[in-house]
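From first to last, the protein sequence lines stand for chains H and E.
In terms of the numbering used here, the first sequence opens at residue 1 and continues consecutively.
In terms of the numbering used here, the second sequence opens at residue 771 and continues consecutively.
In case anyone wonders, no lab produced these hints; they're calculated from the structure.
Hints may contain errors.
[To be verified] Facing chain E, from chain H, some residues (calculated, C-beta under 10 Å):
{"#": "1", "residue": "Asn381"}
{"#": "2", "residue": "Lys383"}
{"#": "3", "residue": "Asp385"}
{"#": "4", "residue": "Pro676"}
{"#": "5", "residue": "Ile738"}
{"#": "6", "residue": "Phe740"}
[Stated by the list, open to error] Here are the simulated DSS-like cross-link-like pairs (lysine-lysine), alpha carbons at most 27 Å apart as the crow flies:
{"#": "7", "chain 1": "H", "residue 1": "Lys207", "chain 2": "H", "residue 2": "Lys609"}
{"#": "8", "chain 1": "E", "residue 1": "Lys800", "chain 2": "E", "residue 2": "Lys883"}
{"#": "9", "chain 1": "H", "residue 1": "Lys577", "chain 2": "E", "residue 2": "Lys800"}
{"#": "10", "chain 1": "H", "residue 1": "Lys741", "chain 2": "E", "residue 2": "Lys790"}
{"#": "11", "chain 1": "H", "residue 1": "Lys759", "chain 2": "E", "residue 2": "Lys790"}
{"#": "12", "chain 1": "H", "residue 1": "Lys577", "chain 2": "H", "residue 2": "Lys476"}
{"#": "13", "chain 1": "H", "residue 1": "Lys306", "chain 2": "H", "residue 2": "Lys36"}
{"#": "14", "chain 1": "E", "residue 1": "Lys893", "chain 2": "E", "residue 2": "Lys864"}
{"#": "15", "chain 1": "E", "residue 1": "Lys953", "chain 2": "H", "residue 2": "Lys365"}
{"#": "16", "chain 1": "E", "residue 1": "Lys933", "chain 2": "H", "residue 2": "Lys741"}
{"#": "17", "chain 1": "H", "residue 1": "Lys105", "chain 2": "H", "residue 2": "Lys36"}
{"#": "18", "chain 1": "H", "residue 1": "Lys105", "chain 2": "H", "residue 2": "Lys89"}
{"#": "19", "chain 1": "E", "residue 1": "Lys967", "chain 2": "H", "residue 2": "Lys741"}
{"#": "20", "chain 1": "H", "residue 1": "Lys609", "chain 2": "H", "residue 2": "Lys36"}
{"#": "21", "chain 1": "H", "residue 1": "Lys741", "chain 2": "E", "residue 2": "Lys969"}
{"#": "22", "chain 1": "E", "residue 1": "Lys893", "chain 2": "H", "residue 2": "Lys627"}
{"#": "23", "chain 1": "H", "residue 1": "Lys363", "chain 2": "E", "residue 2": "Lys882"}
{"#": "24", "chain 1": "H", "residue 1": "Lys365", "chain 2": "E", "residue 2": "Lys969"}
{"#": "25", "chain 1": "E", "residue 1": "Lys933", "chain 2": "H", "residue 2": "Lys365"}
{"#": "26", "chain 1": "E", "residue 1": "Lys800", "chain 2": "H", "residue 2": "Lys741"}
{"#": "27", "chain 1": "E", "residue 1": "Lys893", "chain 2": "E", "residue 2": "Lys882"}
{"#": "28", "chain 1": "H", "residue 1": "Lys365", "chain 2": "E", "residue 2": "Lys967"}
[As the list claims (entries may be wrong)] According to the in silico footprint, chain E covers these stretches of chain H (three or more CB under 8 Å from chain E):
{"#": "29", "region": "265–273"}
{"#": "30", "region": "619–629"}
{"#": "31", "region": "752–763"}
A virtual CB, placed ideally from N, CA and C, is assigned to each residue, including glycine.
Spelled out, the chains give:
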Amino acid sequence: MAKKIGFFNLIIGVFSLISSVSAQSTLVLSGSVRDKQTGESLIKAVVRIQELPNAGIISNEYGFYSLSLPKGNYSVMVSQVGYETLVQKIKLDSSITINFSLQTKNVLKEVVVESSRKNDNLTKAQMGTETINMAAISKVPVIFGEKDLLKTIQLLPGVKSAGEGNSGFFVRGGGADQNLILLDEAPVYNATHLLGFFSTFNSDAIKDATIIKGNSPSQYGGRLSSVLDVKMKEGNNQDYTVNGGIGLISSKVSIEGPLQKNKSSFILSGRRTYADVFLKATEKFKDNILYFYDLNAKANYQINAKNKIYVSGYFGRDELGLGQDFGIDWGNKTGTIRWNKIISNKLFLNTSFIYSDYNYNVKLKNGETNFNINSEIKDVNLKQDYTLYTNTQNTLRFGFNTILHNIRPSTFTGTVINSVAKTGRNGLENAVYLTNNYKATNQLTIDYGMRLSMYTLMGGDVYNIYQNGVVSSSIKLAPSSFGKTYANLEPRITTNFRIDDEKSIKAGYARNVQHLHLLSNSVASSPSDQWIGNSYNIKPEIADQISVGYVTKVFKSNFEFTTEAYYKHLQNQIDYKDGAEINTVSDVESVLLYGIGRAYGLELLLKKKEGRLTGWIGYTLSKTERKIEGINENNWYNARQDRTHDISVVGIYDLNARWSISGVFVYNTGDAVTYPTGKYNVQGQTLYQYAARNANRMPAYHRLDFSATYEKNKTKRMHGSWNFSLYNVYGRENAYRISFKDDPNDPTRTQIIRTALFKWVPSVTYQFKF
Amino acid sequence: MKKILFIVVFFTIIFIGCDKEITLVLDDNKPVLVIDGSITDQAGPYFVQLSLSTTINNPTRINGVNNARVIITDQAGVKDSLQLVSNGLYKTQKIKGMEGGTYNLEVEVDQKKYTASATMPLKVNFDSLRINTFPFNGEIRYSVIPVYADPVTLGNSYRFIQKINDTIDPTFHVFNDNLNNGKVNQRPLRGGDDNLKIKPRDNVFVEMQCISNTSYTYYYSLNLQSGAGPGGGTAPSNPPSNIEGGALGIFSAHSVQRKTITIR
């Protein structure tokens, strides 16, 4: 069935290509949209023709737009959040290129989560998508006063935090490894610093971030649950700017400026924490090491009006150590080279060459012996992405992506053990895709597409085949030979029907396939988590999601209300046997178990995007379950991230020109966990008896945060502001861990101990600009 | 350089939350039979302890099961009916434990049958104990290393019971040879319990058991049961064992060697 749908879509795609050739009677208006002050290209700016209500286009990732129009006189309206709308009269008697520069609004009405146009959510077919405005997240209170992209997206419905002090997140019942996190197109395998307290994204270097909850267009692929697409700033091509921050936790500095005015620019941004400096001051912890640093760099160069090159890189590393005896360090390196080419005024091409590397090292030293564990995942990635602005009604996007993965699982070396040199396994992931945005009528928009993803095992390693946990045969793939190939078709469709100016309904279906899998020993994300590719036993994970949605303006159009319901079915989910040692076992595949999953839920979001009060209320009602052969007597059980209710309220209020206040409230049902049902005594020790997996609940989690910002008088030279924030206002001791142990005063009695991480965390920040 | 933006965080005070005892409403517990039996290469008798599990709120103690029929047979055809000593503790009469021997346990309680089979692995010589010191947060910590040469064949497992001046270390110390197959062991017994720090002049007693891989997984899983929640370990479950029929516990056949060292 899936194959038939795919074929049908391909045919439509080919037709749109042909129609573009035949529709030569229209003219083309194309160009780019930029920020007037900095020259940064503006993503998702809306270009509209006032005289033709159905003609409009959204600028792409590089600010490019193209519109096919009949000959005539028009008023072009260009708009983007946070910018003054520009209206320009044009006379179109031949195809022309116009670059628009938008002026930033000088009022402080930035909103955190925004669609690019007031009525945008009503007309776009895309579902389950939210864009984070980086400039505005500084007003949302966060722990330690460090604004953080990953913490803010966790306040959206359908996105759940992996817990306090953890940047991991779960989208619509998926695992933390089922999110595709892209930084300038490069996959980031571990998006956390300091064991999860911070994300790898330095907000000063980030331009924009979009999260798509499962219904991503077919140019994205490789993960089941979501795509978090993070774009770095390009750098100011008008003027040199230095931004800096000095804090107790971290310091950061960014430099940006033009390489050639109006044409090319660069940005360099670095950050380092120094909690270890304080540790050094104490006698007890003076040998301990605890810090991270990261560096973002990007440059772009405009060769001519049709060609532009972008080079961007990220380098980050964490170091943690206890004296000479123990050390762990990990980090990501990513690099992207992109070449934008405007082939014609209707055809835009981007070619990307991407490198990504994640590795960790653990060092253990014990007197004369030492011991190291390390693991690495390396990707080399080539992508070509074409956008064809076929005609007023159709925009076609197609391309291919080929990734060479090299995955080296945990490798142990040292004086006391048998050092086994592991070269790692190679896998080749290929994809071709095609997606068409079709404006069928003034009211109906359809995005449909197809992705064909393939994963090929490559030579150089031995693959065991297991039956019931026992090796049944073994395949040795010679270097530079190819093994099994998995091929999957991923059809995707979303439709939007606009009932009137205030209401629209949406529906969508998407299949996502994942070829890389994360094996984690701990519930929280840990740097030593292992990635593994498909093999003869491990099959690609598959998720099918259907969703329906309704968007309407309410309360005199001051609020936007969005609701979406989804059902997701997951195949080839991976877990491992009870008591498995996934890090030391000689072949981790011998301890893996496979099964299925299902997730369904209802998400409600009420947003206020304008006025003195902005913010949103989000609520999610959901269920997430797994059924794995060999776990919980093969019955369905709650996934750990199954939380029935999840509420988040975010409000920002401008009291007057000087003061603004903001607050965040979150509530969620406790995680599904397994408490003991009983106990017994063996050899003088208390042991616990367990029944069904994850049948119990942690206590409910809730918290209120508050912050106030005071803007001082602006003078010509100096501008300062104070920010006061309090995390966990009413000091709730939210459970981080529940443990059962013998009462030290009466060993026959069992104590249930709740460990909480933070009670109150106040912070004060002073910012000034000159 | 027209614009310079500086952010100064003046102070951040963290009030760290702490551990607190709470009460929870827990699911009703179904009492389950617990079997803890072993055969060693030492002279008999050997013992099998039968008990019933209880609820979390009841006091922890051995609730002995006294109405069972307990039989151990070996591959030579010796059949031993165990005798009740007291409170669910049963004692062998004639069976003799030997390296390489396979033993079958059969327990019958209230018409329900439980079985287990265990083979005693070949003994690996316990050569000596040695002292290991390491600096930790500005002080010297001690641990002991059991010295033995792991055989070249893969798949050896060991359990160590450590006593510090007659106080039993509650950690289940189990080693396997996944990483150091065929090497002389240099891994110390590191206890997780801070109350059980080893100090100079302490006497440290270590019993080394050569155990089966099944027993290894059993004890290893018990160590993983470290609490629930984002800060806990993996989802805990009853440890996998060799007992068939729905009882908890383990039936182990292992060799025993003992050594003592005084910390200097």
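Hint-by-hint comparison with the structure:
1. A least Cβ separation of about 33 Å between Asn381(H) and chain E goes past the 10 Å threshold, and the interface hint is therefore violated.
2. Interface hint status for Lys383(H): violated, as the beta-carbon distance to the closest one in chain E is roughly 35 Å, over 10 Å.
3. Interface hint at Asp385(H): violated, since its Cβ lies 35 Å from the closest Cβ of chain E, which is beyond the 10 Å cut-off.
4. Given hint, Pro676(H) at the interface with chain E, holds; its Cβ is 6 Å from that chain's nearest Cβ, closer than 10 Å.
5. The criterion of a C-beta within 10 Å of any C-beta in chain E is met by Ile738(H), whose closest approach is roughly 5 Å, and the hint holds.
6. Below 10 Å, beta-carbon pairs count as interface contacts, and Phe740(H) has one with chain E at about 7 Å; its hint therefore holds.
7. Distance check on the hinted pair: Lys207(H) and Lys609(H) sit about 20 Å apart at the alpha-carbon level, within 27 Å; holds.
8. In summary, the hint linking Lys800(E) to Lys883(E) is supported, as the alpha carbons are separated by about 18 Å, within the 27 Å threshold.
9. With a CA separation close to 24 Å, the supplied pair Lys577(H) and Lys800(E) stays within the 27 Å bound.
10. Restraint check: the Cα-Cα separation between Lys741(H) and Lys790(E) comes to about 12 Å, which is no more than 27 Å; the hinted pair holds.
11. At most 27 Å may separate the alpha-carbon atoms for a hinted pair to count; Lys759(H) and Lys790(E) meet this at roughly 13 Å.
12. At roughly 26 Å between alpha-carbon atoms, Lys577(H) and Lys476(H) fall within 27 Å of each other, so this suggested pair holds.
13. For the suggested pair Lys306(H) and Lys36(H), the alpha carbons sit about 20 Å apart, so the restraint of at most 27 Å is met.
14. Between Lys893(E) and Lys864(E) the CA atoms are separated by roughly 22 Å; this keeps the pair inside 27 Å, and the hint holds.
15. A hinted pair counts as satisfied when its Cα atoms are at most 27 Å apart, and Lys953(E) with Lys365(H) qualifies at roughly 18 Å.
16. Taking the CA atoms of Lys933(E) and Lys741(H), the gap is about 20 Å. The hint holds against a cut of 27 Å.
17. With a C-alpha separation of about 11 Å, the suggested pair Lys105(H) and Lys36(H) falls inside the 27 Å cut-off, and the hint holds.
18. Between Lys105(H) and Lys89(H) the CA atoms are separated by roughly 22 Å; this keeps the pair inside 27 Å, and the hint holds.
19. Taken as a hint, the Lys967(E) and Lys741(H) pair is honoured in the structure, with Cα atoms around 19 Å apart against an allowance of 27 Å.
20. Among the hinted pairs, Lys609(H) with Lys36(H) is consistent with the structure: their alpha-carbon atoms are about 24 Å apart, no more than 27 Å.
21. Taking the CA atoms of Lys741(H) and Lys969(E), the gap is about 25 Å. The hint holds against a cut of 27 Å.
22. The suggested pairing of Lys893(E) with Lys627(H) is violated, with an alpha-carbon distance near 41 Å, which exceeds 27 Å.
23. A hinted pair counts as satisfied when its Cα atoms are at most 27 Å apart, and Lys363(H) with Lys882(E) does not qualify at roughly 51 Å.
24. Distance hint between Lys365(H) and Lys969(E) is fulfilled; the C-alpha atoms sit about 21 Å from each other, no more than 27 Å.
25. Annotation: proposed proximity of Lys933(E) to Lys365(H) holds, straight-line Cα distance about 25 Å (limit 27 Å).
26. Taken as a hint, the Lys800(E) and Lys741(H) pair is honoured in the structure, with Cα atoms around 20 Å apart against an allowance of 27 Å.
27. A threshold of 27 Å between alpha carbons decides the hint, and for Lys893(E) with Lys882(E) the separation of about 35 Å lies outside it, so the pair is violated.
28. Restraint check for Lys365(H) and Lys967(E): the C-alpha separation of about 20 Å stays at or below 27 Å, so the hint holds.
29. Counting residues of the region 265–273 of chain H whose beta-carbon sits less than 8 Å from any beta-carbon of chain E gives 0, not enough to reach three: the coverage restraint is violated.
30. For the region 619–629 of chain H, the stated coverage by chain E is violated: 0 residues have a C-beta nearer than 8 Å to a C-beta of that chain, whereas at least 3 were required.
31. Here the region 752–763 of chain H counts 12 residues with a CB under 8 Å from a CB of chain E, which clears the bar of 3, and the coverage holds.
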